[in-house]
Amino acid sequence: MGKTSRTLVTMPASAKKGDIIEIRIIVQHDMESGFRHTETGQRVPRDIIRDFLCTYNDVEVFRVELHPGMGANPMIIFTTVATESGTLEFKWTGDDGYASSTTSQLLVT
Amino acid sequence: MNRRAFVFSAAVASGLPSFNALGEVADATQAVEKIVGNKNVSRGRVTLVIPPLVENGNLVTMKVSVESPMTKDDYVQAIHIVAEGNPLPNVVSFYLSSRSGRAVITTRIRLGDSQRVRAIAHMSDGSFWQGDASTLVTIAACAEV
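One line per chain: the protein sequences are A and B, in this order.
Per this note's numbering, the very first residue in the first sequence carries number 412; after that it's consecutive.
Per this note's numbering, the very first residue in the second sequence carries number 61; after that it's consecutive.
If we strip away everything but chain A, and leave its shape as in the complex, we get (with noise of 0.2 Å):
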């Protein structure tokens, strides 16, 4: 049983050789902590997004555990060099078959 949700990635759709370029993902999840109860003291169980990775023309540039100290809808902004044209893919999974994957183009001259 696969779960997924909207994601959205923001980064030039261009760059020089060589530049730094800043990509900011944010994925809808509501990261439920497993550390809250409902009113009858029930313990409402964990349903978290676990990885991050992010591949640059299928070569590992980037990855990041979450725990359940993320705040929901994550938002992550790091960066990376612009090394040659390609695409980018961002994949997340996490608890209860949760995945999700987006793709994006970048032109380097």
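Bear in mind the hints are in silico, worked out from the structure with no lab data behind them.
Mixed in with the good hints there might be a few duds.
Derived list of chain A stretches under chain B, where covered just means 3 residues or more per stretch with a C-beta under 8 Å from a C-beta of chain B [as the list claims (entries may be wrong)]:
no. : stretch
1   : 418-426
2   : 496-506
Which chain B residues face chain A? A few, computed with CB under 10 Å, are given here [as the list claims (entries may be wrong)]:
no. : residue
3   : 151
4   : 167
5   : 169
6   : 190
7   : 195
8   : 196
9   : 198
10  : 199
11  : 201
Just so we're clear, the structure is a prediction, and the values are computed from it rather than from any experiment.
Where a beta carbon is used, it is the ideal one built from N, C-alpha and C, also for glycine.
We have chain A already, so just place chain B on it with the hints.
Okay, now just chain B, sitting in the frame of chain A:
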């Protein structure tokens, strides 16, 4: 809410304050030990920016930056964020590479209480560096039902 449910939730509520100041720091120390092993953690090179006063602990913007040339031979491997006052001190770990260009990351985290948050950077030469920031939290995350 029936009586049994009330007794149970009261027990849960009374269990919460058991995260006393000493316990928190011990938990965080353990979490840090898990990350660095028996290596020495030096102070400096890492800058962690968190607002000194946070109204709502559910969404706290933090920015971490590490001084590093970020070349093939000298770069930041990983940055770990540890919150001493959270029920689970590990918050998030970033794994970078020489292709990151800059070791600067912004994200949003949860804070369970007023506390000191630490950022530990793991360099490519195997050394560890630490920076920290303290903050006051008015409304804590995980407090609401």
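Against which earlier hints does the structure fall short, listed by number upward? 1, 2, 6, 7, 8, 9, 10
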